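Generate the whole structure from the sequences, applying the supplied hints.
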Amino acid sequence: MSNSLRTVPLLFFIILLPAAAVAQQVYNTLLRTNPVLQTALIDSLNSKAAGISHPGKLGAHLNDTARQLFYKHVNAVYGPRQLQQLSRSYGMFGDSAKISSYVAGKLRGFYALRNEVDATAFMKAGAYSNRFKLLSGSAFYDNTPGAVLKSGMGVQLEDMVVIGNIPVNIVYNSLAGTSPFDKALMGQQLKKFSFDKEAYMQRMNGYLDKTYDLRKYFLGDIDVTSAVKSFASQQLTDIQDEMKAIADPLQASAFNHLTSPEQLIYLDSSQIKQLLLNDKTLQLTEADLKGDMRSGMDSISAHGKTVMAARHYLGRIETLKASVAQGLQARQTLSAQHQATGSIQQQVNDPETQKNNIKELLPLNFLQRLLLQAKSLNLGNIAASGSKGGVQDLFMSGVQGSFLNKGNFLMMGLGTTRQGGDLKDQSFNSSLDPGAYSMQFLQMGKGDINAPHSHVALMNANTKNKDYRQFNASSLKRNIFVGAFSEKIDLGEYGSITADISKSNNEFNNAATGNSAALSSKTAAFTLLNDFWQTVSVGMDYSGEWKAQQLSQRVYFNYSGLAYTNPGSPGGSRGTVRYGLNVRRYWNKRKVMVGFRTDMQDMNTSATDASGWRNRQYTLDTRIKVKKNFSLSARMGQSTMKSTGERLSETGYLNRQISVSSQLSGKLFSLTQNNNVSFGLQQMDILPMKSLLVNLNVNHSMVISSHVLTVSLFYNKDVKDQALYGNLFTAETGWSYQLGKIWSCTSGINYLDNKDVVRQVGIRQTVSASLMERLQVSVYADCRKQLMNTPQNYLFGNISTQLALNYQLNR
Amino acid sequence: MKRLTYLIIGCLLLMFTQAAAQVSFVFLPEVQGRTMDGLFQARIAGPASQRMVASLRITVTAAKEGQVVTIKTKPFEVKPGVNPLPPGLIAGAGINFGNGKIAAVVRQSGFFTEGDYEYCFELVDENGHSGESLAMQCFDYYLQPFSPLILTSPADEDAICDKRPSLYWQPLLPAVPGMQYRLILTELKQGQAKAEALRYNFPVINQQYINMPMLFFPPSARALEEGHEYVWQVTAYRGDMILVNSEMWSFKVKCEDSAKPVTPESFRDIKDLEKGNFYVARGKVMFALQNIYAKTTLQYHITGITDPKKAIKKLPEVKLEHGNNHVVIDISENRAFVDGYYYQLTVKLPDGEEKQLRFLYKSETE
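One line per chain: the protein sequences are D and H, in this order.
All letters in the first sequence, in the order written, are residues 1 to 811 by my numbering.
All letters in the second sequence, in the order written, are residues 1 to 366 by my numbering.
The hints are simulated quantities; they were obtained by calculation from the structure and are not laboratory data.
All of these numbers come straight from a predicted model, not from anything done at the bench.
Here a beta-carbon is modelled for each residue, glycine too, at the ideal position from N, C-alpha and C.
Errors might be hidden in some of the hints.
[What the hints assert, rightly or not] Okay, the calculated bits of chain D under chain H, using three or more residues with CB under 8 Å as the criterion:
id, stretch
1, 398-411
2, 792-800
[Claimed, not checked] Taking CB as the label site, the calculated pair distances span:
id, chain 1, residue 1, chain 2, residue 2, range
3, D, W587, H, D158, 49 to 55 Å
4, H, D158, D, N130, 40 to 46 Å
5, H, K252, D, T790, 33 to 39 Å
Laid out in structure tokens, this is it:
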């Protein structure tokens, strides 16, 4: 009963703190307050150090050799300052049976050492290395008239370098190409350096494992029962020694044979007292052990001496009994702890515990410690993303890092972004939005970004007037500041809700308003609350799953003011109200699925009236798995874009679509066959064009011994004959085969007819091979003869080739 | 639609009013009149011979509220012929906003909202007769801001079966003459962000001059690969100017019904299976069997252990080849089998020996 009562505060601890920290706390407290565990651990250290087992005393000490080794260990792993603190704490420990939690933690680490070699040596040996990971090259030529690039070649090199035990992945990427109109070669180089957290943890855990036996660190190897027994017998011997000093030899031997260690464990104190009273040599009465000694007893008489000895004996036994009970309780606490945080093996594998162990047991410098909290750290040409309302889907040259420590999240970054100037955008020289920004951003708060959280995000941006290759990014100078708050709430099995509010403010440089000659502030952050409703954006998103009903759903709502501007989130919209619903339900062991999705987007375009765009999208999806190898699906959808307002009110775009498709696989003529067919009707009105498109797509494949034959047909016709590219027919065949053991190939014949625009017939060949295990080669060629060609053709080239080489190093 | 056409024609006619004699301006309000930055893309057709130093004053007024914004540049040299504004001129410009609602939005976003505008370009003499107007030209235009550019299909984060999918989006409205689309589609490699994939990888498709809001998968391009993920984005542009970028959407090529290959390790000899404990059959019973005789049909039957009364019929026919056979008895479509029930399979081997295999049936779920 008392045992379970004592574990209550410990369990309370476990609930309050993160599991890993609790584990450390619990083990330290146990070791700190439990003489049995302490003795067992110190005894083991002493015997390891000196080769001799010293009999344990209550609050036993490390012998000199062991202590020297302990100090040396602390000095090596934690440095001289920590050693000073330790020796101070340790001095105090000399006087009392209790050691500080600090000493207990270090002592556990020392106890868990596999051998005398410290981690320092291993960490020094592995501190620097370099490993090439991948080298890949590719080249292509494609004479499609409307392609942005006609030819190109690229190289990518991936490497991992380790500096001071910090692994960094390096990607170097170089692409070059020519446009269809110009023979000059244009190039772009991108670089990315990213801290490899996974490799870092693996590395540190490796050092941990080499140096320490973590089972010992979690006190998992102490056999508490036998430790209690040996503790009891050692203590009994001590008591017997004391008895020799205060009682005569005959009586001393009577005391000696009174209790065994087992009895000490299983008998309660009144039973032990009974043993004392029953001893014939000692001749004690119950009254002797009770009451005031001096009143009725002569302390010099022989019996008086016996009584005194007996009282001393009982007192000592009772203290010992309490320690034994505590020791036995340790067993319960340890197993309760292991139940609460999983077995030791689970703990060793838990990332949070690993982080803690690395911090506690390895000699780390400031940066290494900091990186334990890092989630990511990237530098170079990188993508950056945070929560909605802050920074999202951004590509920039700069640096970004995110950190998580004890549930506190921090993400920060800075860099420059631009709208064009990349090889992929070779044909563009300017943009409607400001072409480039330099940007600084920050997001911080409670909780990890993908978990329930409350975060504040800030973003500051300035336009940059610069040319990036052919792209001219000049714009009026301005400063934009965005402040955002985002909150994610977990609704348990019902899903989660994310809510965000974001406010932007823009200040042009050199600008004044009205007749006032005073220029307005250049710093947008100071006037963040200007034009509140025009520049605020709020959003709410609920997504969840209702398992019992096999239903999943998502509802969202978004409002953004007409002048809301966030360059950190290029996908963001302005002046819009967006809302939508997405539900999906399954029946009959997921064999039947019905999904419905609707997205509404109302975009206001006028500051003075309600003119704008009304966009509506509806989609209904069904899938039925008729048999294991046969399924049918259908999709119906409609989307419209209407302009509303005083001057213009009409439907600018209408798309109605219905499509049915089937998937069938099985054996026919003892050959495995796969068949996909889809048929669709599509009404597409883009004023003034009104098209009605019929779509048919058939794919059939057949396995013939180890070869695969595929036949594909695609047919699209505009019944109303209005769309230029609406009358396309293509037929393709492919035969896959193996050449020798290495080469796998596919050869095929193609036919294409785009009514009145182009007609082609040609061959296609792909070859791929793994050479020398590490080198993969892949070649693709599609060559066609133009049976007919017109100037309207911008889509269909007649030569397209590709070569790709991949060399994986040291994998 | 006819109304829209008339409107555009009307606006074009209105553009060429009030031109001063010597110097004129080339300005396309349907594109350049949408933003404050766009105003600086106007070009000056200077006098035939003489050079002069002047500053440019651009005034935008809305029919509903008067002055929206006035921008005045620093002095620069006006050269003969048609020239763009000197680079760097935009950076030092002074701006004065009006007091109306439109001006407030323009001050915050740099974008003009819907309305009837007059854009006036004026060259002010900065040489000698300071402040004298050298030339002035105004353009009228009814501006309707662009609709959002929304991708439609394949839906974001969808899984599709087609390895040559057609791609659809919604058109950018209003239709500006000369506006076209560019579509880029690139593989999204593991661990890559969408924005990185678009720049680090060579695209599968990077097609411009698209007039319709759709693109058939280019027939000569290499087909998409099963299990791979792709990212795509559409850009609406006019000439060499990016008007609007769509969001980046991703999809995965994953044919849900493509049969999973059965690895040879899944087949254990029936003799071993017989000795072992209950075998768990997930939709099918699989074992290996050695046939030293000629081709034949496997003789077997299954009886229920949990429910012995239920007759089990319509079992598939299994053919045996000479040598080692990997036998698959597919029972997932057979209604006699109940999830969690025990069954016994009795096989009569070609040599006449009978083998029994007890198994637990588990229905296959996705």
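ask   = Counting residues of the stretch 792-800 of chain D whose CB is closer than 8 Å to a CB in chain H, do you get three or more?
value = holds (count 7)
query = Is 49 to 55 Å a correct range for the gap between the Cβ atoms of D/W587 and H/D158?
reply = violated, 21 Å
ask   = With a Cβ-Cβ cutoff of 8 Å, does the stretch 398-411 of chain D contain at least three residues near chain H?
value = Since three or more residues must qualify, the claim that chain H covers the stretch 398-411 of chain D is violated, with 0 doing so at under 8 Å.
request  = Using the beta carbons of H/D158 and D/N130, state whether their distance is inside 40 to 46 Å or not.
outcome  = holds, 41 Å
ask   = That 33 to 39 Å hint for H/K252 and D/T790 (C-beta), does it hold up?
value = holds, 37 Å
Violated hints, in rising order: 1 and 3; the structure is consistent with all others.
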